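Chemist: So the sequence shown is numbered by the working numbering: it starts at 651 and just counts up by one.
Keep in mind the hints are simulated off the structure, nothing from the lab.
Careful: at least some of the hints might be erroneous.
[As the list claims (entries may be wrong)] The calculated PhoX-like cross-link candidates involving lysine-lysine, where the alpha carbons are at most 20 Å apart (straight line), are:
| no. | residue 1 | residue 2 |
| --- | --- | --- |
| 1 | K798 | K858 |
| 2 | K798 | K825 |
| 3 | K825 | K858 |
[Claimed, not checked] Quick list of the computed label-pair ranges, beta carbon to beta carbon:
| no. | residue 1 | residue 2 | range |
| --- | --- | --- | --- |
| 4 | L773 | Q1017 | 39 to 45 Å |
| 5 | T701 | E745 | 23 to 29 Å |
| 6 | L810 | S691 | 53 to 59 Å |
| 7 | Q808 | G733 | 46 to 52 Å |
| 8 | H676 | Y803 | 39 to 45 Å |
Note that the structure is a prediction, hence the values are computed from the model and not measured.
Backbone N, C-alpha and C define an ideal beta-carbon position, used for all residues, glycine too.
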Amino acid sequence: MIRFLLVSVAFVTLIYFPVAVIADGHLELDADIRLRWEYSSPWDPGEPGDTVTMMRTHVGMHTEFSDNIRFLLDVHDARSLSGQDDPEIGTGDVEVHQVHVQVADVGRLHESLGFLSGWSLGLGRSELPNYGNGRIIHDDEWSNVGPKTTDGYHLASQFLDGALDLNIHYMTLAKDSAGGAGSGDHFYGAHIDVDSLPFIEASFYYWKYRADLSNAAAAAANGLADPGSSVEDTYGYLFTLREGIIPRVGLSFEYALQDGNRFDAEDDGAIQRLDSLYFAIEGTYDMPQMEGFWDMDWRAGHIMATGTSAGATREEAFRSIFGSPHGTHGIADVVDNSNVRDTYFGFSTVLYDAEVDLSFHNLRADQGEDWGNEWDLVVSHPLGELLDLEVGLANFTSTSSLRESTDYVYAQTHWQF
651 MIRFLLVSVA FVTLIYFPVA VIADGHLELD ADIRLRWEYS SPWDPGEPGD TVTMMRTHVG
711 MHTEFSDNIR FLLDVHDARS LSGQDDPEIG TGDVEVHQVH VQVADVGRLH ESLGFLSGWS
771 LGLGRSELPN YGNGRIIHDD EWSNVGPKTT DGYHLASQFL DGALDLNIHY MTLAKDSAGG
831 AGSGDHFYGA HIDVDSLPFI EASFYYWKYR ADLSNAAAAA ANGLADPGSS VEDTYGYLFT
891 LREGIIPRVG LSFEYALQDG NRFDAEDDGA IQRLDSLYFA IEGTYDMPQM EGFWDMDWRA
951 GHIMATGTSA GATREEAFRS IFGSPHGTHG IADVVDNSNV RDTYFGFSTV LYDAEVDLSF
1011 HNLRADQGED WGNEWDLVVS HPLGELLDLE VGLANFTSTS SLRESTDYVY AQTHWQF
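Construct all of the structure, not just a fragment, from the sequences and the given hints.
Modeler: So this is what it looks like as structure tokens:
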């Protein structure tokens, strides 16, 4: 482990100094190294033992070819240092994480593209977007292999003096080299932020996901015939109370629907009609600091993800193909963002220069047995200008035969250059 850490630091150093000398202000380089140790009892997904040590190294280079064109290249290495063979823990090799060209204004590239004036374009391999509050369509950085990336493009523009911000994405998840146009797994969608409404800020999004190769792989793994492709649509919106409308109070509400069809290899192996919904409401309160008491930020909320018609013969699980972001229903990540009613509350504060966050989740099920309860404590503290230390503890008490009670601990150091 120590040898690999030293090699990683040397790798960053060898890259950094030549770039710093040659760049002359035109190149930028960023790097971070994250080392995390986790203990979970029981361990999920069932790897031998209850502990895992993992490391992630990231080096990114950014340059501007002109005031209109920017290029970035990110190299990523993620691996287990304790022997686990899990694709969510390590890739086992250095790989290109992002290679991306960003055009600030497409209309300035050529006079024939004047009709696209004001539109920006991102092209290449990039990280997934965040729609709404990022719980459904999201870019989750917690995974050791880092945020998921895909090949595609991103168009964006602002209208009405920034009152409307429109984003359009098309990304390929898996390409069938033998198939025609539109084959393989991909998604496309649009996201618009509205900053002109009274009292609230609004965000609307639409997502269409086509599964093809993933359906075939899941069927083959379960000894089933290839079911063909399936298509899912997700429609959602997020309303957030404007800051200052109610002093020290924040309020947000998100609602989303999924329909179309979905293949589930473990549920009779057929493509079923999809019918599911999601909503989340959260309130926050920045408590005024009182003499002899900490400055606390309180929060409470409720999340529901479920089917819309209990007992119907259809696929009712609400889910993103990327899963729910880390910590959505507790940092132990025992319960998925599907068939769950999560009522939670907690607070964060600063104590002796350390950020402290305590929360409680009451996890019920919309259909079937309730899941249980979870307490979480996360403490983070900077150790100098470059190094951060974070420790998290969780206890999940199960009330369901489908989940075991779980104790979870992690310690994480993070260097940023």
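Chemist: Of the hints stated earlier, which fail here?
Modeler: Hint 8 is the one this structure does not satisfy, whereas the remaining hints hold.
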